[in-house]
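Chemist: Below, each chain spelled out in residue letters.
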Amino acid sequence: MNDPRSVGLVVPQTARFDKVLELTSGASLPGFELVYETYGTLNAARSNAVLVCHALSGSHHVAGFYDAEEPEKTAGWWDNLVGPGKPLDTNKFFVVGVNNLGSCYGSTGPMSVNPETGKPYGADFPLVTVADWVKAQAWLSDRLGIDTWAAVVGGSLGGMQALEWTLAYPERVRHGVIIASAPKLSAQNIAFNEVARQAILSDPDFHGGHYYEHGVVPRNGLRLARMVGHITYLSDDQMAEKFGRQLRHGEHRFNYDVEFEIESYLRYQGDKFAGFFDANTYLLTTKALDYFDPAFAYGGDLRAALARAKADFFVASFTTDWRFAPERSREIVYALLHNGRKVSYAEVECDAGHDSFLLDSPHYHAALGAYLEGIVL
Amino acid sequence: MTLYGRFDFDCIARWITPGERVLDLGCGDGALLKFLQQEKAIHGYGVELDPGNVSACIANGVNVLQFDLERGLSGFEDDSFDHVIMSLSLQTVRHTVPLLKEMLRVGHEAVVSFPNFAYKPHREAIAAGHMPVSKHLPYDWYDSPNVRFFTIADFDALCAEQGIQVRERVAFAEGVEVSEDPNLNGELALYRLGRLGSGTGV
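Sequences listed follow chains A and B, in order. The first sequence begins at 261 in our numbering and counts up one residue at a time. The second sequence begins at -19 in our numbering and counts up one residue at a time.
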C-alpha cells in the first residue's frame, strides 16, 4: 500500500492531564487522558494547525491507517478528506484528530477506572457537554503549543464543537468549518435520541450502567439504538433506491425473520455497532447532543450568542439530510451574517442524507477544498 | 481601464461608497464582488445557486451563500446591506416584483442591470421574423435561461407603478454609454433604485 494521497501508517498518542476539570454539570474529573493523532507538520510559526472534531461514533482516528496489511479496513473515518493533496491538505496543514471525553476509544470515559473506587466509572462517569469537550480540547491545544487554530473542522456533532470553539475561544480560532450540523437539536432530534437511550436503559443487561462488573454488555439495547439512529442518517430516497421493498426470499413468508432487505441491513448495522461500541458512551454522547444550545443563555437568540465569534466561517449542508436539514445550517449562516462575520455556505446536492458529510461528492469537496486552500497561514 | 472586461462594473463601482456592505444576487464566479473588494474595500456576500460558481467564488476569496433566489430573501434582515445588486440576472427570475421589493427591504439601495429587449438590432431581428440573439442575449429561444423579456421603457413603467424610485439610469451599447433614446439605442441598462421617500445620496 503506497497511496501518495494517504497520510500512511499512524499511531495514536495520549496526553495525560493531572488537573481537575470542572464540568458544565457542576461535576468534575480529577484528571483525564485524551487520545489524539496528528498528520502533517506544525510549521515554525505554529500557524497551520487544524483541529478535527468527531461526531457521535467517531474517534481521533481521522486519517491514515493502523495496519499496512489492511489499510482500507483500518482507515480513519475522514480519510477521503485528510491527506497530502486532499481537500484538508496535510502538505499545508498540521491536522489533529482528538478523541473526546466519555468516549470508548481511549480517552477517559465510562470504561476507564474511577480513581476513587478502583473500578470502571460505568454510569458514574459524569455527563459531559460540547463545551466540556471543547475545554478539554483547549487544554490539549496548550499542551501541543498551539495558541491559535488555523481552523477547527467538524461534521454533525463535530460541527457543534467547531461552533463552540469559535464562541468559547474566539481568539484561538481563525476559521470555523461547520458541516451538516445545527445550532441545537429539534424536538424530533431529541425524540430519536430518547428512543435510542430507552432501548439501552431498558436492556436487562444494562445493570444501571455498571454492566462491566457483571461481565455483560447491553448489546440488544445498543443494537436497537443504532438501528434507530441509522434510519435518521439515511435519506428516504436513498433507502428506496438501495433497498426499496426488495425481499430476501422473493416471497412473503409471514414471520418475523428478515423478509425485507432493509431489515437485514438495519440488523447488520446494529449488530456490527453493538459489537464494538460502548452503551454508556452512546448514552452520554446523545445527551451532549441534546444539551447543545449556545443560544440557551441568550434567551434563545442565536444572533446574540454568536456575537462573540471572531472567526471566518464555512458552513455546508446536504439537500437530503433530514436529521440536520439545510434549514438548520441556514440558521447559523443568518446569525453569522447578522454579526458581520465572513461566511460562505454550500448547500450540496447529495442523496446520502446526513451521512453525506462523510462522503466525497465532487461539489462538496470542491467547495470545502477551495475554502481550506484560501486559508492564509 | 475596464477590469475583467466588464464596463458595467466601473459604473456600479461609482455608486458604491468604500467600506459598504454589499449583497450580490446571482453573483456568478464572484468577479464583481472581488472587483469591489479590491476597489472599494466592501464587505461583500454573493448569492449563487450553481455549485461550480460557488466553488469559484470561494477560490476568488468572495463570501458566497448557496441559496435559491426563487425562495426569496426572507432570511435577510431589513436594511442589512447598503447595496443589493443584481447584475444581468433580473431577466432570469420569475418573481420580479417581489424580488425587487425584497432587494429594497434588505438594502438601502438596489442596483440592477439587464439586457434591453428593445435595443434596435433586437427590434430588427423581430421585424425580420426571429427572436433576437446578440452579445447580451446570446441564447437561442429554446435554451435561454431568461424567463422575463422586457425593455427599458417597461422597467421604467414598472418602477413608477410600484413606487420604486429610479435614482440613476445608465444605458450602454458596445460598452459605451448612450444618452439619446436609450430604449432604442441601449443594449444594456443599469439602474440605481431606492425606496420613495428615503435618501437619494450615493
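Some clues are possibly wrong.
Distance windows between CB atoms, simulated [to be verified]: (1) B:S54 / A:R527: 27 to 33 Å; (2) B:G(-1) / A:R505: 56 to 62 Å; (3) B:R51 / A:F556: 48 to 54 Å; (4) B:H75 / A:L637: 56 to 62 Å; (5) B:P118 / A:R527: 36 to 42 Å; (6) B:R51 / A:R527: 35 to 41 Å; (7) A:V455 / B:R175: 47 to 53 Å; (8) B:T72 / A:R505: 39 to 45 Å; (9) A:F556 / B:A140: 47 to 53 Å; (10) A:E609 / B:T72: 39 to 45 Å; (11) A:K532 / B:R51: 48 to 54 Å.
Below are the DSS-like pairs computed for lysine-lysine, each with C-alpha atoms no more than 25 Å apart in a straight line [said to hold, decoys possible]: (12) A:K570 / B:K14; (13) B:K100 / B:K115; (14) A:K570 / A:K352; (15) A:K602 / B:K14; (16) A:K395 / A:K532; (17) A:K333 / A:K532; (18) A:K395 / A:K279; (19) A:K570 / B:K81; (20) A:K379 / A:K279; (21) A:K570 / A:K379; (22) B:K115 / B:K14; (23) A:K602 / B:K20.
Quick caveat, the hints were computed from the structure, so don't treat them as lab data. Quick caveat: nothing in here was measured; it's all calculated off a predicted structure. Heads up, the beta-carbon is just placed ideally off N, CA and C, and yes, glycines get one too.
Chemist: State for each hint whether it applies.
Modeler: Going down the list of hints, with the structure as the test:
{"no.": "1", "hint": "B:S54 / A:R527: 27 to 33 Å", "in the structure": "44 Å, violated"}
{"no.": "2", "hint": "B:G(-1) / A:R505: 56 to 62 Å", "in the structure": "60 Å, holds"}
{"no.": "3", "hint": "B:R51 / A:F556: 48 to 54 Å", "in the structure": "29 Å, violated"}
{"no.": "4", "hint": "B:H75 / A:L637: 56 to 62 Å", "in the structure": "44 Å, violated"}
{"no.": "5", "hint": "B:P118 / A:R527: 36 to 42 Å", "in the structure": "56 Å, violated"}
{"no.": "6", "hint": "B:R51 / A:R527: 35 to 41 Å", "in the structure": "40 Å, holds"}
{"no.": "7", "hint": "A:V455 / B:R175: 47 to 53 Å", "in the structure": "51 Å, holds"}
{"no.": "8", "hint": "B:T72 / A:R505: 39 to 45 Å", "in the structure": "41 Å, holds"}
{"no.": "9", "hint": "A:F556 / B:A140: 47 to 53 Å", "in the structure": "50 Å, holds"}
{"no.": "10", "hint": "A:E609 / B:T72: 39 to 45 Å", "in the structure": "20 Å, violated"}
{"no.": "11", "hint": "A:K532 / B:R51: 48 to 54 Å", "in the structure": "40 Å, violated"}
{"no.": "12", "hint": "A:K570 / B:K14", "in the structure": "22 Å, holds"}
{"no.": "13", "hint": "B:K100 / B:K115", "in the structure": "13 Å, holds"}
{"no.": "14", "hint": "A:K570 / A:K352", "in the structure": "23 Å, holds"}
{"no.": "15", "hint": "A:K602 / B:K14", "in the structure": "14 Å, holds"}
{"no.": "16", "hint": "A:K395 / A:K532", "in the structure": "32 Å, violated"}
{"no.": "17", "hint": "A:K333 / A:K532", "in the structure": "14 Å, holds"}
{"no.": "18", "hint": "A:K395 / A:K279", "in the structure": "13 Å, holds"}
{"no.": "19", "hint": "A:K570 / B:K81", "in the structure": "32 Å, violated"}
{"no.": "20", "hint": "A:K379 / A:K279", "in the structure": "20 Å, holds"}
{"no.": "21", "hint": "A:K570 / A:K379", "in the structure": "43 Å, violated"}
{"no.": "22", "hint": "B:K115 / B:K14", "in the structure": "23 Å, holds"}
{"no.": "23", "hint": "A:K602 / B:K20", "in the structure": "17 Å, holds"}
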